[in-house]
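One letter stands for each residue in the lines below.
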Amino acid sequence: EPEVTQTPSHQVTQMGQEVILRCVPISNHLYFYWYRQILGQKVEFLVSFYNNEISEKSEIFDDQFSVERPDGSNFTLKIRSTKLEDSAMYFCAGGGTLATNEKLFFGSGTQLSVL
Amino acid sequence: GQQVMQIPQYQHVQEGEDFTTYCNSSTTLSNIQWYKQRPGGHPVFLIQLVKSGEVKKQKRLTFQFGEAKKNSSLHITATQTTDVGTYFCAGPGNQGGKLIFGQGTELSVKP
Numbered sequence: 096e097p098e099v100t101q102t103p104s105h106q107v108t109q110m111g112q113e114v115i116l117r118c119v120p121i122s123n124h125l126y127f128y129w130y131r132q133i134l135g136q137k138v139e140f141l142v143s144f145y146n147n148e149i150s151e152k153s154e155i156f157d158d159q160f161s162v163e164r165p166d167g168s169n170f171t172l173k174i175r176s177t178k179l180e181d182s183a184m185y186f187c188a189g190g191g192t193l194a195t196n197e198k199l200f201f202g203s204g205t206q207l208s209v210l
Numbered sequence: 153g154q155q156v157m158q159i160p161q162y163q164h165v166q167e168g169e170d171f172t173t174y175c176n177s178s179t180t181l182s183n184i185q186w187y188k189q190r191p192g193g194h195p196v197f198l199i200q201l202v203k204s205g206e207v208k209k210q211k212r213l214t215f216q217f218g219e220a221k222k223n224s225s226l227h228i229t230a231t232q233t234t235d236v237g238t239y240f241c242a243g244p245g246n247q248g249g250k251l252i253f254g255q256g257t258e259l260s261v262k263p
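Chains A and B, in that order, are what the protein sequence lines are.
Residues are numbered in the numbering used here as their position in the first sequence, beginning at 1, plus a constant of 95.
Residues are numbered in the numbering used here as their position in the second sequence, beginning at 1, plus a constant of 152.
Be aware that one or more of the hints could be misleading.
Once the Cα atoms are required to be at most 30 Å apart in a straight line, the calculated DSBU-like pairs of lysine-lysine come out as [stated by the list, open to error]: (1) A:137 with B:222; (2) B:208 with B:188; (3) A:173 with B:222; (4) B:203 with A:178; (5) A:198 with B:208; (6) B:222 with A:178; (7) A:173 with A:137; (8) A:178 with A:152; (9) A:178 with B:262; (10) B:262 with A:137; (11) A:152 with B:209; (12) A:173 with B:208.
Here are the in silico distance ranges between beta carbons for each label pair [as the list claims (entries may be wrong)]: (13) B:234 with A:102: 38 to 48 Å; (14) A:107 with B:220: 40 to 50 Å; (15) A:102 with B:190: 15 to 25 Å; (16) B:232 with A:166: 21 to 31 Å; (17) B:236 with A:100: 43 to 53 Å; (18) A:208 with B:190: 13 to 23 Å.
None of these hints come from the bench; they were simulated from the model.
Only a predicted model underlies this, so the values are computations on that prediction, with no experimental measurement involved.
A virtual CB, placed ideally from N, CA and C, is assigned to each residue, including glycine.
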């Protein structure tokens, strides 16, 4: 089965530094998402992306966050100035359509630790 | 805002015992999905329910969607150690597209 690939698997950074999390979605997917999961907690929606623009974002996704699909394949999440509370597992996910009955395929995640 | 709630948060069972997790939405859902996340892993799609009162089975797993399409349950018969993980229900957001996840039920199975 095709997979969503995320790199790096772990990222350690100092508070205030910029990080870029990378994802290679499944090739025929059209809709992409970033979710995050703080240890032991639920999977929280951050942002959805379609046709090279953000289609929806949550309250968590403030001005410090941005997403891009620079080359038509990679999908990136940038955190401009990391805070301690940004420490979490970040999952990229994709779906074929925006239909709400479409299942999502998740990547293995990037564990971000902000020190 | 729209919420999806799950109980219990944790469930510890002896191997061979049954397990049930319950999911409730603050709004009527067009469909509900269930995902399993193994320890250290990522959410993996299990099933989707669409119709009111729908019941679906996957081997020892039984999924149910409530008549009002606001609640759902997952029941595992005769748990095995391979069932260990966190089970999440998820429903579509008000604006469509995104999925809103419940808090998850973490299942541990003692051999």
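Hints, verified against the model:
Of the pairs offered as hints, the one joining residue 137 of chain A and residue 222 of chain B holds, with about 19 Å between alpha carbons and a cut-off of 30 Å not exceeded. Of the pairs offered as hints, the one joining residue 208 of chain B and residue 188 of chain B holds, with about 16 Å between alpha carbons and a cut-off of 30 Å not exceeded. In summary, the hint linking residue 173 of chain A to residue 222 of chain B is not supported, as the alpha carbons are separated by about 36 Å, beyond the 30 Å threshold. About 43 Å separates the Cα atoms of residue 203 of chain B and residue 178 of chain A, which puts this hinted pair outside 30 Å; it is violated.
Between residue 198 of chain A and residue 208 of chain B the CA atoms are separated by roughly 16 Å; this keeps the pair inside 30 Å, and the hint holds. Between residue 222 of chain B and residue 178 of chain A, the direct Cα distance comes to roughly 36 Å. Violation of the 30 Å bound is thereby established for this hinted pair. Between residue 173 of chain A and residue 137 of chain A the CA atoms are separated by roughly 21 Å; this keeps the pair inside 30 Å, and the hint holds. For a cut-off of 30 Å, the pair hint linking residue 178 of chain A to residue 152 of chain A stands: about 19 Å separates their Cα positions.
Under the criterion of a C-alpha separation no larger than 30 Å, the hint pairing residue 178 of chain A with residue 262 of chain B is inconsistent with the structure, at around 38 Å. For the given pair, residue 262 of chain B sits about 24 Å from residue 137 of chain A by alpha-carbon distance, which is consistent with the 30 Å threshold. Taking the CA atoms of residue 152 of chain A and residue 209 of chain B, the gap is near 34 Å; set against the 30 Å cutoff, the hint is violated. With a C-alpha separation of about 40 Å, the suggested pairing of residue 173 of chain A with residue 208 of chain B is violated against the 30 Å cut-off.
Between residue 234 of chain B and residue 102 of chain A the beta carbon distance is about 29 Å. The supplied range of 38 to 48 Å is therefore violated. For residue 107 of chain A and residue 220 of chain B, the hinted distance range of 40 to 50 Å is satisfied, since their beta carbons lie about 46 Å from each other. For residue 102 of chain A and residue 190 of chain B, the Cβ-Cβ distance of about 21 Å falls inside the hinted range of 15 to 25 Å, so the restraint holds. Checked against the hint of 21 to 31 Å, the C-beta distance between residue 232 of chain B and residue 166 of chain A comes to roughly 44 Å, which is inconsistent with it.
Hint check: residue 236 of chain B to residue 100 of chain A, Cβ distance near 25 Å, so the stated range 43 to 53 Å is violated. Checked against the given bound of 13 to 23 Å, the beta carbons of residue 208 of chain A and residue 190 of chain B, roughly 21 Å apart, stay inside it.
Hint compliance for this structure: hints 3, 4, 6, 9, 11, 12, 13, 16 and 17 are not met, and every other hint is.
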